[in-house]
Amino acid sequence: MGKKSVVVEIMEKRLSPYDFQYVDYNNLIWTFSREVEGVEQYIAIQKSQWENSYALNLYVYGVGLPIYRTKELINDPKYNWDFLSFNNQQDQREVLNKLLDVAEKYGIDKLNELANEKKVMVESPKPTTQMYKKLYEENAVLMKQFMSRINAVDLPEADILQLLKKELEEIQGEMYEDIQDKLVELASVYGNMLIKKLGGRWEYVKSSGKASVDIPLFCRCNILVDFIEAWQKGEENLIIKNFNHKCNEVINWVRQCRALYGEDWQPPETKYKMSLDNYGKI
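In terms of the numbering used here, the sequence shown opens at residue 1 and continues consecutively.
Among the hints, erroneous ones may be present.
Calculated lysine to aspartate or glutamate pairs in the DMTMM-like style (CA-CA distance at most 25 Å, straight line) [stated by the list, open to error]:
| # | residue 1 | residue 2 |
| --- | --- | --- |
| 1 | K144 | E104 |
| 2 | K133 | D181 |
| 3 | K47 | E12 |
| 4 | K133 | E113 |
| 5 | K196 | D214 |
| 6 | K110 | E12 |
| 7 | K241 | D159 |
| 8 | K246 | D178 |
| 9 | K126 | D82 |
| 10 | K126 | E40 |
| 11 | K182 | E203 |
| 12 | K47 | D101 |
| 13 | K105 | E138 |
| 14 | K182 | E235 |
| 15 | K166 | D181 |
Simulated from the structure, these hints should not be mistaken for laboratory data.
Please model the complete structure; the sequences and the hints are all you need to start from.
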């Protein structure tokens, strides 16, 4: 077994008393999670892609629920930072512990607050293992089926999002068991639109039986949960709002980097293909 990374070592020591467990490391992000009354809560440490620095990310799964960093957690000018830099191993440990101090003092309460908000918003049905598996294995076929059925192959992005919204509206009032295939079809279109615009891939985790879209410059997106919650709440506009939020997060970050490092700057190489031409179009 390989040596445990210093990030995992420190996060485990600080977060295990709160029942957080290590999930994985992906795209320079170390993630721990716990489940409280059916709501998944996440604390992650993200490493900068171009320098030695870390940021703290906190979030729960849900439509329209944001990722919180330090300056959003603490209303204090001296904490007006996202990433903290380090120069050596001692600095590295100090930075990690400083970020986790914030997680302990402010983040745990914020996660519980967000979880309560989510429970109040809606008690949504859970995606089934079969739905996740179908989404992962058949998303390309399902998207082609949808685009052909409504003659949407040449439509612009905004029009397709409106069609997804309309399809959600049409299944309002139906029994959840009767619309599972429809939700998987709509999630297939939505997920592939995100991948086309931002880069990424479909991912299936056998241990949990969950499928998601992994966007290298953002995070994993549980598309099925997004659609089920929007359908359950009868707020179909959340799908469009959530799509634009994800795209704006990435696009604004790329724009800031190009302003700092020049117009020729591109995100550091990742294992996924990215459509960089799209970054200036929102």
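So, going through the hints one by one against the coordinates:
For the suggested pair K144 and E104, the alpha carbons sit about 46 Å apart, so the restraint of at most 25 Å is broken. For a cut-off of 25 Å, the pair hint linking K133 to D181 stands: about 12 Å separates their Cα positions. Proposed proximity of K47 and E12 is supported: the alpha carbons are some 17 Å apart, at most 25 Å. At most 25 Å may separate the alpha-carbon atoms for a hinted pair to count; K133 and E113 exceed this at roughly 32 Å.
At most 25 Å may separate the alpha-carbon atoms for a hinted pair to count; K196 and D214 meet this at roughly 12 Å. With a C-alpha separation of about 20 Å, the suggested pair K110 and E12 falls inside the 25 Å cut-off, and the hint holds. Of the pairs offered as hints, the one joining K241 and D159 holds, with about 14 Å between alpha carbons and a cut-off of 25 Å not exceeded. About 29 Å separates the Cα atoms of K246 and D178, which puts this hinted pair outside 25 Å; it is violated.
As the CA atoms of K126 and D82 are separated by approximately 33 Å, the hinted pair breaks the 25 Å bound. Our distance criterion of 25 Å between C-alpha atoms is met by K126 and E40, whose separation comes to about 12 Å. Distance check on the hinted pair: K182 and E203 sit about 20 Å apart at the alpha-carbon level, within 25 Å; holds. For the suggested pair K47 and D101, the alpha carbons sit about 17 Å apart, so the restraint of at most 25 Å is met.
About 44 Å separates the Cα atoms of K105 and E138, which puts this hinted pair outside 25 Å; it is violated. At roughly 17 Å between alpha-carbon atoms, K182 and E235 fall within 25 Å of each other, so this suggested pair holds. In summary, the hint linking K166 to D181 is supported, as the alpha carbons are separated by about 16 Å, within the 25 Å threshold.
Checked against the numbered hints listed earlier, the structure breaks hints 1, 4, 8, 9 and 13; every other hint is satisfied.
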